[in-house]
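As given, the protein sequences belong to chains A and B, one line each in that order.
Counting in my numbering, the final residue of the first sequence is number 598, and the numbers go up one at a time with none missing.
Counting in my numbering, the final residue of the second sequence is number 996, and the numbers go up one at a time with none missing.
Treat the hints with care, as some may be off.
To be verified - Lysine-lysine pairs mimicking DSS-like chemistry, simulated, CA-CA at most 27 Å apart:
id: 1; chain 1: A; residue 1: Lys-575; chain 2: A; residue 2: Lys-519
id: 2; chain 1: A; residue 1: Lys-362; chain 2: B; residue 2: Lys-923
id: 3; chain 1: A; residue 1: Lys-564; chain 2: B; residue 2: Lys-643
id: 4; chain 1: A; residue 1: Lys-555; chain 2: B; residue 2: Lys-967
id: 5; chain 1: A; residue 1: Lys-564; chain 2: B; residue 2: Lys-723
id: 6; chain 1: A; residue 1: Lys-555; chain 2: B; residue 2: Lys-923
id: 7; chain 1: B; residue 1: Lys-942; chain 2: A; residue 2: Lys-572
id: 8; chain 1: B; residue 1: Lys-942; chain 2: A; residue 2: Lys-566
id: 9; chain 1: A; residue 1: Lys-362; chain 2: A; residue 2: Lys-575
id: 10; chain 1: A; residue 1: Lys-576; chain 2: B; residue 2: Lys-968
Source of the hints: derived by calculation from the structure; they are not laboratory data.
Being a predicted model, the structure only gives us computed values, none of them experimental.
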Amino acid sequence: MAKKNIRNFSIIAHIDHGKSTIADRLIEYTGTLSSREMEAQVLDNMDLERERGITIKAQTVRLAYKGKDGETYELNLIDTPGHVDFTYEVSRSLAACEGALLVVDAAQGVEAQTLANVYMALEHDLEIVPVINKIDLPSADPDRVKQEIEDAIGLDTENAVLASAKTGIGIEEILDAIVEYIPAPEGDEKKPLQALIFDSYFDAYKGVIAHVRVKEGRIEKGMRLKMMATGKVFEVTDVGYFAPTLVDTGRLEVGEVGFVAGSLKDVRDVRVGDTITFADSPAAEPLPGYRGVTPMVYCGLYPVDSADYDNLKDALEKMQINDAALVFEPETSVALGFGFRCGFLGLLHMDVIQERLEREYKLKLITTAPSVIYHVYKTDGTMVQVANPSELPPQTEIEHIEEPYVKATVIVPSDYVGAVMEISQEKRGTFKNMDYLDTNRVMITYHIPLNEIIFDYFDRLKSATRGYASLDYELADYETSKLVKVDVLLNGDPVDALSTIVHKDRAASRGRQLVSKLKEIIPQQMFEIPIQAAIGSKVIARENVRARRKDVLAKCYGGDITRKRKLLEKQKEGKKRMKAVGSVEVPQEAFMAILKID
Amino acid sequence: MEEAVRPWGVYIHIPFCKSKCFYCDFPSYAGREAFMGDYVKALVKEIETIGALRVEAAGTPATIYIGGGTPSLLPMELLETLLAALRRIFIEADFPQGERARERAEAGAVEYTLECNPGTVDLDKLKLCRMLGVNRLSFGVQSFDDRLLRRIGRIHTGLEAMRSLHLARIAGFDNISMDLMYGLPEERLEDFRHDLQAMAELSPEHISVYGLQLELGTAFYQMQEKGRLTLPSDEETEAMYDLMADFLPEKGYERYEISSFAWPGRQSRHNLSYWQDAEYLGLGAAAHSYLGAMRYENTHDILAYIEGIRAGESVRRLEEQVTEKAHKEEFCFLALRTREGIEKAAFLETFGVPIEEIYDEAIRNLVGKKLLEETETHLHLTPLGMKYGNMAFEAFLF
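Chain B on its own, in the form it takes in the complex:
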């Protein structure tokens, strides 16, 4: 089989949750567990058709990411069906003899992540995942403070989050990420400091930290409209941001992207590929793909997805044809999210023209404002630039 010219990734979407968190605008649905069986069946079929075609054309992927929703909510047998199909199509395809493939996966040649919610995993499930090739877990912790967790609609406790991490370690995972949120209703700076400290004590390899954003269509958005949401002041939220940016690096976590911190060598390669203009294939309802300068989106509707796949119809629609202009914009503002920033040589190679020729004014302007730093080989945001990232991103839009 021919090697792919450039590494690419697979994203698998599992749109089921036990309940919908108040801040969440992701395509995920509570109370539809009855469809899980049919859904996984359809998903496997999509993996075996669309997925296999892609592998034939571009080789096996460098990363696999199962997100949601709550993938860990799938019962054992469905999880096993799904993971087996993924392994068959995306990992073993390279090596008809499955044993070596597993060795390769275990050695981390493929980064293979499963998103979990604390409280939805037990040791058996985690062991199964590990056995079937998953080598990275990402836990949606958000906070260790039960009061805050309840306030944002999470159904687990801080203790359960800690327990889940220990179970994962026992199951043999040595690459674990945990998400934190800040700027939550009635959260104080001290609350967030406790969360950060608790997180550092747990010592996952990777931490993502997100400031709360009120998105249209969420419960929080409606509460805000009705004036029933008390969010921390801008000043307090800023203090939380500053705390995160100072505290985590002190504990040995490198900030390799605006919201992402990791021990050296433990960055999320899958997430990095989004910011480095790599291609990805999304499978499952509402999954997005970026292939050959096109962005596609699968239908959000679980039933339409199941029916479509069953009938052998396409469930994918073209979301956008990425023009040269849009491609340049995205290339830059996505790369600027990372600590490494824009690699000038990569820009030149992709567009055939030096970045300075196109963005000279934007670059000078941002450097002047101390938002951007220019080196011989790269352009990257300063710490101030990360804080006011949107100003820098905008400057790269035509």
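Isolated chain A, as found in the complex:
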């Protein structure tokens, strides 16, 4: 395809503003899939994605469209992950495009996450086509939303398309706008190859499939190519485009978007953001913007049944094949036995991985509370990174500790500004900025420890703003904080997996809250269980779980047997997630208790 007839674009939208539905309509309208082949929301094909209504893995599809000028255009839609955890992946997807559709709900208006992605798109010099979606809603107010887009983003909305993906209004107009306003790709097919990897996945037959955008040069089957960051060399076995299934065309031309495979076994050789070039006469420079994977959040994953350790390891390895952002290493806990410390891009990423391990691999897991990475400067002048609170060196060896801070952006109706500020202050945030997006909506920026974000910050915001708050954050820097480790002792024994790092001024109250929460969670057992919170050797809080007095069905005769077995089954089901810590049976929720206190 001639470059001038190619258009590469993404869709930027807040969750629920209709990104997937618009993508579906575009696919349907261009006849890429017959309606019989159309499943609802074609692009979100992981079960979990459907359930949560979000996109986790980016998907790509090529659409053929005959424009008003009678020419056929190749439109490459690159669907981006729609969550703050995947900011880097979004940035690479955007770097593969010349333009983006900005989808905004005609009733809801602009949200924090939308803004963050729009700014990112603008940084990549993308041409942005605003689409006001859901104009069929009775509460739709396209003019207000247009004004908001102009005020908040400074975008001209003269060419904005009014659409309703649900009813099919405006779909053709969107396609025409893509052709008309989004520039054709540039690049020189004679230059040495530079192809940007913006996603990858593992295929059982073809090995790792890289999603690429050819920036310079061209790719053909049989070529020997090289990953510039990882150094991996491979021969192209399959190359082509997405429809959205793989269509092998034997080549990708400059400006095109498609896939490359070369019997690559390890997804870690195929890094998002890396540049593919010729193995023998490489490009002088890689494309800009590559960044290694940096997990933001860590937690321990342990099998409830220690016999499942190898299964968990296999499962993590299999997941890693498809998810280069997942890191893990073996870890041993006195309380929980053998498991893994796993690093994730964020809380959603963590949730998704845990849920997939349990669903797809049928594993019963104990998850410890998430932690950030602390930089611990020791008195001997060295610095250690601590991702597991129980590994914090003794207080006497610590000179100071630094923790990660983020720039958090919250958008709320102006009525809730006070509530947002109160919560943010309480979460050790420093106020940075406040902007009115329009007369009613405000964008507030805080400098706040990441640790506080992963502790129920968003939940609190949501409940204090009746669900109106939207949040986006990005890593800002590391700063010194007065932090201490609070340990928990069950029945007199410290339980390493319950240790937590908190700010010194809150240690006492956190300790008390944690202990009383644990008292609610830990069921009565055959003996009394003291629960204590301690800093070093100093106990700061204590509660007792009283002993269960007796526990036996008094009667069980002929007519009772089925019923009693079901009763026992129900009780047992409730205990399946318990882990024996010393002599105490501890339910899974206990390890997350720290997140549940207010």
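For chain A, the structure is supplied; the task is to place chain B on it using the hints.
Positioned in the frame of chain A, the structure of chain B alone reads:
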């Protein structure tokens, strides 16, 4: 007639009571005495059809148990009709000459129990039962304390319970069981101690002791929901449990099951058969059967039962097909209720695989917690294990 390969039992349900006790969730109904005649008629027909078929296939039963409800509430003539039918089908079937059959029954070859409530029996009724083959009585005493009895909805007094026992002795019964309850509203440890002492002085051959459980659909359950029930604390109830577990063995009663105590040789063979995976045929409304890995349940509705039997329709529905997995679970948790526990050889014979191969982890875990004891031939609960029986039972569920 061919001998049954394994002993089996018959359960007969009599769903009538003078009044409903506040804790009771059994299928029994007060104020429906008018249906007793039709009910016994239907029951006899079921005995003569379903019962006779079973005997033809499996021989006569080892035990017969008439429970309720309150079987002793049946008037003399209905009781006689019922007992005669039972004797004809389940006892004499073996011996066309009835005389030898009676000798056998009297010698205790068949354990034949009738449940009674104090205050519903007189000497004539008891003598009739004895004459027609009943050789064991089970009295629902619950307490000797009239105040407590009233509080749980019982309609007899402690004195009547004692009198009933004496009448039973006069009628010639030498195998009598009495039930006690503890953990009753506003009951104190001392109250329960008095009950235990009174019981020991009466010296029945068998005693069952049940902690009160609040079951859905009972008057107590509703009172509890409304906060109008003052039960003893967990600590106090535990003390009662401990008292029972210590006191009765001291008086010569062997604890052969979690809630059952008996003089040597006087265990309830019928109840034991439930815990030892034996088959049983239940007749009457709401009676349960366990036959050929199936559990059945007769309709609970007295009128539907009477009509169904009269019309020659089946009144039984399949409650559950016991899978191999469920069978293993039940085999174990039922056997663990008994002092003897799980007989390893019986497990192997039933399932074709040694129990250690299937429950190795559960066994080690429970032994480690001192809930279970393992011998060469058996696995049985320790006294601690009996107290926390549910924890042990659960471990045998997959």
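Status of the hints after comparison with the structure:
no., hint, verdict
1, A/Lys-575 x A/Lys-519, "holds, 16 Å"
2, A/Lys-362 x B/Lys-923, "holds, 20 Å"
3, A/Lys-564 x B/Lys-643, "violated, 31 Å"
4, A/Lys-555 x B/Lys-967, "holds, 24 Å"
5, A/Lys-564 x B/Lys-723, "violated, 35 Å"
6, A/Lys-555 x B/Lys-923, "holds, 23 Å"
7, B/Lys-942 x A/Lys-572, "holds, 24 Å"
8, B/Lys-942 x A/Lys-566, "holds, 25 Å"
9, A/Lys-362 x A/Lys-575, "holds, 17 Å"
10, A/Lys-576 x B/Lys-968, "holds, 21 Å"
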